[in-house]
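Asker: Mind assembling these two chains? They're in different frames, but the hints should get you there.
Quick mapping for you: the protein sequence lines, in order, are chains Z and P. Read in order, the letters of the first sequence correspond to residues 1 to 364 in this note's numbering. Read in order, the letters of the second sequence correspond to residues 1 to 288 in this note's numbering.
These aren't lab readings, by the way, just hints derived from the structure by calculation. Hints are not guaranteed to be accurate.
[To be verified] Derived list of chain P stretches under chain Z, where covered just means 3 residues or more per stretch with a C-beta under 8 Å from a C-beta of chain Z: (1) 79–88; (2) 254–263.
[Said to hold, decoys possible] In silico SDA-like links for lysine to any residue, alpha-carbon gap of 25 Å or less: (3) Z/238 to P/270; (4) P/28 to Z/86; (5) Z/238 to P/274; (6) Z/325 to P/274; (7) Z/325 to P/107; (8) Z/325 to P/212; (9) P/28 to P/117; (10) Z/325 to P/28; (11) Z/325 to P/270; (12) P/28 to Z/238; (13) Z/325 to P/210; (14) Z/325 to P/112; (15) P/28 to Z/140; (16) Z/325 to P/117.
Built from N, CA and C at the ideal position, the CB exists for glycine as well.
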Amino acid sequence: MSGEQAAVSAAPAVRPARGWRAPVLLVLGVAAACYLPFILTERAIFGVRLSNMQLLNIGLTQVNLMMITLLGALSLNYLTGIAGLISIGHAAFYAMGAMAGAVFGTQLGLPFPVVLAGSALVGAATGVVAGLPSLRVRGLYFVLSTFALHYIVVFMLSEYQFRFFDVVGIPFEEATLGTFVLDTPLRWYFFLLVLCVLVYVGLRNSLRTREGRAMMAMRDHELAASAAGIDVRILRLKAFACSSAIAAVAGTLYSYYMTNVNAEFFTIDFAIQFVAIIIIGGMGSLAGSLVGAAVWLLLPAVITGFAAQIGSTDSAFGTLLTESKPQLVNLIFGSLVIVLLIFAPGGIAGIGRSLRDRLSVRVR
Amino acid sequence: MLPQVLFSGLALGSIYGLVALGFALVFKATDVLNFAQGMFVVVGAFLAVTAGTQLHLPFALTLMFIVVAAALIGAAIQALLIRPLTGRSMLSIIMVTIALSIVLRALIEIIFGPQPRALTTPMPTGVFIVEGVRISQLHMLAAGVSWLCLGLFALFFRFTTFGLQMRATANGHEAALVSGINVDFVNRVAWAIGSVLAAIGGLFLAQLQLASTELEGIGLLALPAVVIGGLQSIPGAIIGGLLVGLIEQLASSYVSPRSADIFVYTLLLLVLMVRPWGLFGQRELGRV
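With the rest of the complex left out, here is chain P (with noise of 0.2 Å):
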């Protein structure tokens, strides 16, 4: 039993990393901790089923469609929300970014109706046994792209100017305005990059259930998976997200199914509590 545990929570908390990573990238480049990060699962998961089962696109073409739709979802959001926000309270800007979450929610709830729907796609769902263990193809499947994502965003700042300047906006916005970077541009695209990995972390959310505002929750899941790794850290997102879905599948087959989120956001409150800055975040100083 527990390798079979221990396989589908590395295989979920790879997609949890996947847009954990959306979400410690938008806070490091614009200090805002966005709650409506479960809602873009969601918005992901219904662009799915828009250009899938409702256009029949080819597989190819809805990838395409998603990841366009998402990334201006995530720059238009940028620039009408966020942006006119720089420098206010931060209740301010986690306030709007929930409220955004509840507008959004409703207006996919009028849209596609309050029933979950399934997502058809040419994705393999078929399952193979290896000494026991139940490796269900679509697992696999999302574990490697999600891992590819997280190889291509790791070459993209380590090797790109565009990487570079990102870094250096996350690092420092004065000096990277002074520099020349043209911050509010980076910023937007962090967030169309966050919204982007959201979306794709939807698309296999919705396929492994269904597509529906129910996904929020899991994607909220997002949030402790950061703050465990480390609010300021990328490679943190990502182990923290793996920890997040280990310890929920862990939590479900050993204890129960509904204590699952507790013993994460146990942890989440131990982790604030002992070492806030997270397993792979810098300690932050406060100055006068």
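Looking at chain Z on its own, in the form it has when it is part of the complex (with noise of 0.2 Å):
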């Protein structure tokens, strides 16, 4: 135990840049970041035209969808992973946002930067509430009162929905930050990667704070932390509300990149998928987040990609993939889950921590 999480804590700690290596490979990042998009939209990469199939079948749109379900990610994992508090119920917060997104967007009519930031105050406060348990219960008990609200957010939700609604759902306007309206994907695209960006480099750079350090402490040993001097009850709220400020900006602006929401969208299911993200990606390795959330884009994309080489054949396997492509996903994901679980707790970001150290043993 004491192991795993000395090797889960050692994660996130500051490497020397190691000379000219940071600051190219930074460069490249953002030239990579900046040409994706177009690589998507024209299906081509410098001019030589890729094939559906080489491109994996993935759209821009997806690609969008994965950084908005990114910060659901991140939120989730600063809060399991760094402080420590496990939540099975954090598709709340997504609900809460959409809410607060309908409440200032479509029937105030607010501006849109405005709307982002009265969802995140929101987020902030129904985390507060959400956290409030955690001042009496412990473990086992916490999650569970994460699970009930869970529930009764998402029923507040459907509640509201068909107060001043209807069953289709909540509709959203077409956002835009001032004169800039974001009407295509490639738009959205860079919005997305600049606020997905700043969100990560703010969580990294809050974990080298007193506040940050404070929670890590926290999760490794409560007690020690309490006799250091932190009031773990204040800073448990703290996470919260921090993590569901930005779990509530995400389904805001999940709703307005739907442009349509339905109470009935937000399922266990949907907190569950953020859940197995960072167990797939990494407990506590906020970059793990990042490997996860695009396993959880691009496994659809490789199935569909498998189903229209094998579909077109008659063979049983062909028609398996081809009609239960959804459960095929939800089978992979699953077992992937519990692989992982069982013979690699760090998740692909512990693999690849331990492959780098064996590595630069043998370089030294």
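Answerer: If you want it as structure tokens, here you go:
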């Protein structure tokens, strides 16, 4: 147990930049991130046409949805991986963000940035309320309270939806930032990219503050942390407020991106997908959230690709692929979580870390 | 109207109590909160569909098939998934059961298709009316079988050696190990029993409604039932199940059908805030 935790807590530690490597990688990363949407919209790389299969059937819309999911995964990884508070009701904050977006944006007609700020505030407030049981109950009981919270919040959203809108769902207007209208996937991409980078860097830097270190101390040993003068009760509520504010913003973005939101979207499975993403990516590793979200994005696309290749042949496997694709995605996703939990509890980020350690030892 | 609501609440509550008992058993023996218990209910329903509707087995054989298959599935899951995770963090263990339920649902939907299946069994479906209350025979039978199972388990724990060993294991793993109890085997049996109880609940729920993966939500109601009753308490699980059944029926007839779950989960949240050890559980003391 303690060994596992030590490995996790070592993850976000600052590594000294190794001379020229870090800036070069940064520039390459920015260039790749800026070029990616053009590959996906023009279906070509440097003028060379790519088939759908080579692009894994991924379009820009899926990448955008992945980035919105990434925000949710980052916020959950911050809460669970860094502060050690388990939430299996994280979709509740998404639903809260959707509701805040509907009130501020659709009903009151406020400008988009104000809506986002408002939903962050509403999310933070909900987070504090959701964190209140943590003052009284620990561990298992607290997990159950997030589970109960999920049902209550989603019920509130559906009551709200039926009171002011109808079964079809809550409509959302086009998002505009001043004169910049987010009307194409390409524009959304760059907006979301900036937002994701800001949240990622913000969270990563917050780990090096007093608060961030206190949270990791609280996760590793609550009693020792409070003996060291940390007020763990306030800290828990802070972690919750911060995490759920991000999740609520992600929920608002999701609603605006989908242009129509129904309370039925926010099932318990929706909440569980975030937990699955951070387990696959790596608990306590913010970069792991990105890896997990990428797996979440790629898996359905890869299976569709396979189905397109094999589905034309009349084999039983081909029909299985085409007919029950969502089930197959869930099957592989669930099995991946089980296998990683049993054999690699650090997730893909953990595997990567141990590989790198092994390699760097050999170099020395 | 009220007696009618109370009757169906208690009848449904008996089934929840049965599923919740399986849940509590697994938790007591292995300290695992099994989020796949809802899916075990669905597995039971589809085992019944396989044996009764597809293989046309006689009803007695169908029952045996369900019990044996569910027990094997439960034991296999303990051996393959739960045992390797012994001593891991709580999230890992919870997540493995959640992932298991995702996998099981996907498998069932691939094998049987996403459409719900009707279950045909020779169980009585008639209704008789006592003083204006419509009493469905199936509800009566479900409640009767649930109470029979509950009684049998009470006797099993009280009077058999193996029941004693299970209670000892639940009380303290190390102490049980030292006394020469095969704790791993006891845990495996606990998982098998938990899975069988859920499967019997699934059989009745599938007959009352339809066999589909939607039954998972109903099976998951065992979770609030167990917590409200007290996580560590076997009678608490049964009474919690009855309470949840009553609340569901009362809320859906007097408030609105959609609000039924909310009353249950609000009560769960209240219990967690005020009395986290549940109505009948024992207060856990935090030790340093």
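Asker: Next, verify each hint and record whether it holds.
Answerer: A quick look at each hint next to the structure:
1. Counting residues of the segment 79–88 of chain P whose beta-carbon sits less than 8 Å from any beta-carbon of chain Z gives 5, enough to reach three: the coverage restraint holds.
2. Coverage of the segment 254–263 of chain P by chain Z holds [criterion: at least 3 residues with CB-CB distance below 8 Å; count 4].
3. Distance check on the hinted pair: residue 238 of chain Z and residue 270 of chain P sit about 23 Å apart at the alpha-carbon level, within 25 Å; holds.
4. Between residue 28 of chain P and residue 86 of chain Z the CA atoms are separated by roughly 21 Å; this keeps the pair inside 25 Å, and the hint holds.
5. A hinted pair counts as satisfied when its Cα atoms are at most 25 Å apart, and residue 238 of chain Z with residue 274 of chain P qualifies at roughly 23 Å.
6. Simply put, residue 325 of chain Z and residue 274 of chain P have alpha-carbon atoms about 45 Å apart, too far for the 25 Å limit, and the pair is violated.
7. For the hint linking residue 325 of chain Z to residue 107 of chain P, the alpha-carbon distance of about 12 Å falls within 25 Å, and the restraint holds.
8. Restraint check: the Cα-Cα separation between residue 325 of chain Z and residue 212 of chain P comes to about 18 Å, which is no more than 25 Å; the hinted pair holds.
9. Proximity of residue 28 of chain P to residue 117 of chain P is assessed by CA-CA distance (about 34 Å); at most 25 Å being required, the pair is judged violated.
10. Restraint check for residue 325 of chain Z and residue 28 of chain P: not satisfied, since their Cα atoms lie roughly 38 Å apart, outside the 25 Å limit.
11. Note on residue 325 of chain Z and residue 270 of chain P: the hinted pairing is violated, with a Cα-Cα distance of about 40 Å set against a maximum of 25 Å.
12. The suggested pairing of residue 28 of chain P with residue 238 of chain Z is violated, with an alpha-carbon distance near 34 Å, which exceeds 25 Å.
13. A hinted pair counts as satisfied when its Cα atoms are at most 25 Å apart, and residue 325 of chain Z with residue 210 of chain P qualifies at roughly 24 Å.
14. A threshold of 25 Å between alpha carbons decides the hint, and for residue 325 of chain Z with residue 112 of chain P the separation of about 14 Å falls inside it, so the pair holds.
15. Between residue 28 of chain P and residue 140 of chain Z the alpha-carbon distance is near 13 Å, which keeps this suggested pair within the 25 Å criterion.
16. Between the alpha carbons of residue 325 of chain Z and residue 117 of chain P the distance comes to roughly 21 Å, so the proposed pair stays at or under 25 Å and holds.
In this structure, the earlier hints numbered 6, 9, 10, 11 and 12 are contradicted, and the remaining ones agree with it.
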